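Peer 1: Listed below, chain by chain, are the residues.
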Amino acid sequence: MRGSSVDWLAAFLAAVALAAVPWLFANNYIVGVMTVALCFGIWAASWDFMSGLTGRENFGHSLFIGVGAYTAGFLNVNYGLSPWWSLVAAPGTAVLFSLIMGFPTLRLKGPYFALAMLSGAAVMQNLTIIFSVYTGGQDGLNGLDPILDSPLAYYYLTLLLMLAAVVILKLLANSSWGTILRAIRGDEASCQAAGINVTFYKIAALMISAAFAGLGGALYAHYQLQVGPDLFAIVLSINIIVMVYVGGLGSIYGPVGGAILLNVLTESLRAVSEYRLWVYTLILIFILFFMPQGLIAPLWRRVRGLLQ
Amino acid sequence: MRNLLVSSLMAAALVLAATTGRATAESPQPIRIGVNTAIQLQVGRDAIDAVKMAIDEINAKGGVLGRPLEMIVADEGEAASEGPKVGIAAVNKLTSEDHVDVLIGGYDSGVTLGELPHITRAKTIFLGIGSASPAIQQKVKDDYERNKYLFRVNPINSAKQADALLDFISGKLKSDLGYKKISILGENAKWVQDMVPAIKKGAEAAGLEVPVAEFFDVQTADFSPIFAKVKDSGSQYLIVIISHAASDVFVKQWYDAKVPVPIGGIDVKSMDANFFDRVGGKSIAEVSANFVLRAPLTPKTIPWWDKFVSLYNRAPVYTAPGAYDAVYIYSEAAQRAGSTNAEAVVAQLEKTDFIGTRGRVQFDPQHEVKDGPGFVNELFVQWQNNGERTVIWPKDVATGKMINPPWLAQN
Amino acid sequence: MLQILVYGAVISAIYAMLAVGFTLIFGVARILNLAHGSFYALGAYATYTFTQVLHLPLLFAAVLAVAGVAAFGIAVERVLVRPLRRSSLAVLLITLAVALMVEQVLLLSFGSEARNVPSVINATYHFAGVDISAQRIFALVAAVLVLIGLWVFMQQTRLGAAILAVSQDAEAAQYMGIPSDRIYSIVMGLSAGIAAAAGILVAPFQTVIPGMGLLPLVKAFAIVVVGGLGSIPGSIIGALLLGYSETIIAFKISIEWSQIVSVAAVLITLILRPAGFFGKRAAF
Numbered sequence: 001m002r003g004s005s006v007d008w009l010a011a012f013l014a015a016v017a018l019a020a021v022p023w024l025f026a027n028n029y030i031v032g033v034m035t036v037a038l039c040f041g042i043w044a045a046s047w048d049f050m051s052g053l054t055g056r057e058n059f060g061h062s063l064f065i066g067v068g069a070y071t072a073g074f075l076n077v078n079y080g081l082s083p084w085w086s087l088v089a090a091p092g093t094a095v096l097f098s099l100i101m102g103f104p105t106l107r108l109k110g111p112y113f114a115l116a117m118l119s120g121a122a123v124m125q126n127l128t129i130i131f132s133v134y135t136g137g138q139d140g141l142n143g144l145d146p147i148l149d150s151p152l153a154y155y156y157l158t159l160l161l162m163l164a165a166v167v168i169l170k171l172l173a174n175s176s177w178g179t180i181l182r183a184i185r186g187d188e189a190s191c192q193a194a195g196i197n198v199t200f201y202k203i204a205a206l207m208i209s210a211a212f213a214g215l216g217g218a219l220y221a222h223y224q225l226q227v228g229p230d231l232f233a234i235v236l237s238i239n240i241i242v243m244v245y246v247g248g249l250g251s252i253y254g255p256v257g258g259a260i261l262l263n264v265l266t267e268s269l270r271a272v273s274e275y276r277l278w279v280y281t282l283i284l285i286f287i288l289f290f291m292p293q294g295l296i297a298p299l300w301r302r303v304r305g306l307l308q
Numbered sequence: 001m002r003n004l005l006v007s008s009l010m011a012a013a014l015v016l017a018a019t020t021g022r023a024t025a026e027s028p029q030p031i032r033i034g035v036n037t038a039i040q041l042q043v044g045r046d047a048i049d050a051v052k053m054a055i056d057e058i059n060a061k062g063g064v065l066g067r068p069l070e071m072i073v074a075d076e077g078e079a080a081s082e083g084p085k086v087g088i089a090a091v092n093k094l095t096s097e098d099h100v101d102v103l104i105g106g107y108d109s110g111v112t113l114g115e116l117p118h119i120t121r122a123k124t125i126f127l128g129i130g131s132a133s134p135a136i137q138q139k140v141k142d143d144y145e146r147n148k149y150l151f152r153v154n155p156i157n158s159a160k161q162a163d164a165l166l167d168f169i170s171g172k173l174k175s176d177l178g179y180k181k182i183s184i185l186g187e188n189a190k191w192v193q194d195m196v197p198a199i200k201k202g203a204e205a206a207g208l209e210v211p212v213a214e215f216f217d218v219q220t221a222d223f224s225p226i227f228a229k230v231k232d233s234g235s236q237y238l239i240v241i242i243s244h245a246a247s248d249v250f251v252k253q254w255y256d257a258k259v260p261v262p263i264g265g266i267d268v269k270s271m272d273a274n275f276f277d278r279v280g281g282k283s284i285a286e287v288s289a290n291f292v293l294r295a296p297l298t299p300k301t302i303p304w305w306d307k308f309v310s311l312y313n314r315a316p317v318y319t320a321p322g323a324y325d326a327v328y329i330y331s332e333a334a335q336r337a338g339s340t341n342a343e344a345v346v347a348q349l350e351k352t353d354f355i356g357t358r359g360r361v362q363f364d365p366q367h368e369v370k371d372g373p374g375f376v377n378e379l380f381v382q383w384q385n386n387g388e389r390t391v392i393w394p395k396d397v398a399t400g401k402m403i404n405p406p407w408l409a410q411n
Numbered sequence: 001m002l003q004i005l006v007y008g009a010v011i012s013a014i015y016a017m018l019a020v021g022f023t024l025i026f027g028v029a030r031i032l033n034l035a036h037g038s039f040y041a042l043g044a045y046a047t048y049t050f051t052q053v054l055h056l057p058l059l060f061a062a063v064l065a066v067a068g069v070a071a072f073g074i075a076v077e078r079v080l081v082r083p084l085r086r087s088s089l090a091v092l093l094i095t096l097a098v099a100l101m102v103e104q105v106l107l108l109s110f111g112s113e114a115r116n117v118p119s120v121i122n123a124t125y126h127f128a129g130v131d132i133s134a135q136r137i138f139a140l141v142a143a144v145l146v147l148i149g150l151w152v153f154m155q156q157t158r159l160g161a162a163i164l165a166v167s168q169d170a171e172a173a174q175y176m177g178i179p180s181d182r183i184y185s186i187v188m189g190l191s192a193g194i195a196a197a198a199g200i201l202v203a204p205f206q207t208v209i210p211g212m213g214l215l216p217l218v219k220a221f222a223i224v225v226v227g228g229l230g231s232i233p234g235s236i237i238g239a240l241l242l243g244y245s246e247t248i249i250a251f252k253i254s255i256e257w258s259q260i261v262s263v264a265a266v267l268i269t270l271i272l273r274p275a276g277f278f279g280k281r282a283a284f
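Residue numbers (this note's numbering), protein chains in the order written: chain A, 1 to 308; chain B, 1 to 411; chain C, 1 to 284.
Chain A stretches covered by chain C per the calculated footprint, using a threshold of three residues with CB under 8 angstroms from any CB of chain C: (1) 123-137; (2) 238-251; (3) 286-294.
In case anyone wonders, no lab produced these hints; they're calculated from the structure.
Here the structure is a predicted model, which is why all the values come from computation and not from measurement.
All C-beta atoms in this analysis are idealised placements derived from N, C-alpha and C, irrespective of residue type, glycine included.
Excised from the complex, chain A in its bound form (with noise of 0.2 angstroms):
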C-alpha cells in the first residue's frame, strides 16, 4: 500500500513527460486540449479519493465542478474580481456545496447515494437555466479573464495545480486515512463498531474530493473564458467515472492517466468526422470488456513487477 521508490520515480517521469509536451507539439491547440485534459485528470483523482476508495460512487460529481466554476464566473465577470481569487473561493464553495449535500446523503446506501448526488447535480443544472438572469442561462457566462495570459504558462499552471492534487490524495490515500477510508467500502458497521466516526471520514472525503473538484472547475473556467450549465451535466459525471474506470479505480494516478488518455482519443478520433463517437464508444466498450480492472493501473503494476 506505501509508495515504493520506483512509483515516486516513474510519477516523477510522467511529470517530466507532461512538462515537455508543449515543446514537441508547438501549438495552441494541443497545449490547449492537454490543458482540459488536465482539469479532467483533476476532476478524475478526486472522484477516485472519495468514491474509488470508500467505493460510494458519487453521480453528482459535476455538482462541485459547476459550483467552483460558477463561483469564479461570478467573481470575475460580475464583481470583476481577479481570476487569481477563484482558485481559492472555488473550492471553498464546493466545500460548503459537499456538506449540504454530503450530510443527508452520506448514510445512504450503493445505488442510493449516487442517485442522490446525480439529483442535486440535475436540480442545480435546472436552477442555472431557470434564474437566467444572475447566471446567463443556457449560453452561461462568458468574458472571463485567463489567470495567465499566455496558454503555454497556464498549462504550466494547471500542470503544477494537477501534480500537487495527485501528490497530497495519493499521500493521503497511502496514509491512515486511505486505509480506514477502504475499511468502510468493506464493511461500514464493524469499522462504527471498532470505534472508527465513521461519518466524519465520509463527510471529510467528501469534501476534500469536492475541494479539488472544485479547483479544477475554476482552473477549467478560466482556461475556457466561459461557464455554462452543461458543467452540471450528468453526462460530465458520468464521463469522468469512465475515465477513473479506464485508469483503475482506487489508485489516484490512473484516473489522471485515464482522462489524458480520453481526452486526446476524443480529440484524435476528429479523423473519422461524423463517426467520433461512435468510434469512441466502441473503443469504450472494448477496454469495459477486457479490461475490467482499468488499462492505466494495472498496466503500471505490471510493468513495475518486472522490474523489481
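Assemble chains B and C onto chain A, guided by the hints.
Peer 2: Only chains B and C this time, still in chain A's reference frame:
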C-alpha cells in the same frame, strides 16, 4: 543492357525533377477556409455543402488572387452534451494547427461565445453564419482592436429579430386582424429569455393584452398544459419562439388537439423546406420568420436554391445561404485587399456591398449584417395548403393572405 | 380541473410503462440499466422504419418492433452484461456504452432531424374544455392494458412466479431449480419490450430524435426511486405522483418549472425516505 538501365534511370530522374519542379513553381498555396460547425446536425451539413459549392464555383473561375480555395472542417460537437469544449478545441485546431486564413461557421450561441476569445487571440477573421446572440458582435463595439475580426453574415441578431416580430404583432395581428389578446411562449434559451419580456412590453404598448407569457424547457415533451392555459385565457393568437427544441412535436400536438388558437413566431425548424412533410402536414397555418425560401429575394436566390437541390438532393436550411454568401464576401474582400493579411481584409470587409442569396449584404459598425428595406430581411412566412409557403408580412413583399387553421373560421 | 385529470392520466400511464420495466430489471437482476431509454427510442425508430420505409401495416410493424427490441435486450444481457456481472459499476458503464452506441447509430442512420410516425387514429375529442387527440387516449388505454397484462403474467404464470422468486433470493431460487441466468435474460427482454411499446405508443405525438431516450430514462429513475427500487406497485404509484405533479405545476405555475419536479422529487425522497414508498429496506 547496362546503358539502357542507366539511361532509363536518368530519364526517370529528369521527368521526376521536371514534375516536382513544376509543382513547386506552379501550384500556388491554397487559401484555407476553416469551417467550424456541428457536423452531425443538418445545419452543419448544409453549411459545409454550401461552402463547398461556393468554393468549387470560385475555383472554376481561377480562385482568389490566383490561388485556389480549400475547406477544412472541424466539428464543434453537440453543444447540449459536450458544451463549448469541442468547439473551442476545433477553432484552436483550425487556427494553430491548420493555419486557416478565415473561419466560417457557428451555430450554437453558447459555443460561439466560448470560441470567440480563442479566435481573436489567433487574429483570424470569423464570419458567423448561424449564431444569433447580440453579445457576439457587441464585442466589436466593446474592444474594436481586439475583436474587429468578428463579422456576422447570417442570421440577423436576435434583438433585431425581436423587433421584426414586434412589427408583425402590431402591424399584422393588431392593425390588420384586430386581435386584442395574445399569448407568448418561448423556450428557455438565453436569447429567448431576453426577448420575451421586451416583446410582451412592446405588445402591451401597442394596445394588446398578454395574459400568458411563459418559458418551457428545451426538452419538454408535452405541451397540453400550455395549450389549455392559452386557450382558457381567451387568447386569439399564440406567439412562439423556438430554436433548439423540436418544434415538430409542438406543432403536431397543436394540430392533434385542434387548439383553437393559431400559432406563429420564430420557429427555426419550421424554416426547413421539408418541415411541412416532416410533420405530416400538421404545421398548416403556422407562421414562422424565415430568412430564405425559394422566392426571388434577389436575382441569385432561385438559381442558387435550385443548384443546391440538384447537387445535394435536399432543400437547404437557414445556415446554407449565409455560408455560401460568406465565401464570396471573403473572396471579394481578399481580392480588393490584394492579400489574405487579416488586417487588410478586415478593412475591405467593412466596405462590403454584396448582392447575396438573401438580400444585399452590408455591415454596420459592429460588423452585423444590416437589415431593413433593401438589405437582408426577416420575412414572415405561412404554411398553407399542400405545403406551399406564402409570405404574409411585411406588407410590401407579401405574396398572399394569411389563413387560419382548417378547424377555425377563416378571416 | 378535468384537463389536469385527463392529461395527467396520459402522462402517468406512459411513465408507468417506462418505470415498470426499469424497476423490474433492477429488482430482479440488480442492474441499473442505463440503456433503458435506448429500448424506448429503438421501439419508435423501428416502427418508423417498418411503416414509413418498408410500408408494412401499422399493427404488424408495432408487434415486430416490440419483438425485435426485446430480442436486442436479451442479446445485450447475454453478450455484454452477463460477463461483467461481478462489478456493478462495470455493468452500469456497459449499459451506458450501449445507450451511447444506440444513439450514435440512430444519428448516423436517420440524421438529427425529427422523424414522423403517423397516428393510429386521427380524431380529436373535445369535452368539457379538454382538447385531446385520439392517439393519446389510445396510448392511455394501451398502457393500462399492458400493465394489467404484466400483473397477470407475474401473478398467474409459472414464469412470473419464477421471476418473483429470483428477485427475492437468487441463490435460493437456484437451489429450487430455477435457472437465474436465464431469468435475467428473460426479464431484460421483457423490460426492453415494454419500453419499446411505450416508445411506439408515444411516437406519433412526441419527438422522435436519436436522443429521445435520455429524458424518459431520467424520469424512470425518478419514479423508481420514489416508488421504491424493485417494486412494481411502487413504480405505478410513483408514475402517478410524478405525472400528476408535473401536470399540476405546468398548469398552475409554469411549464418551465415542471421539468425540475422529477429531479427534485428524487432528491427529497432519498433524503427523507430513501426506500421510497414500497422499496425493500435495502437503502441503508
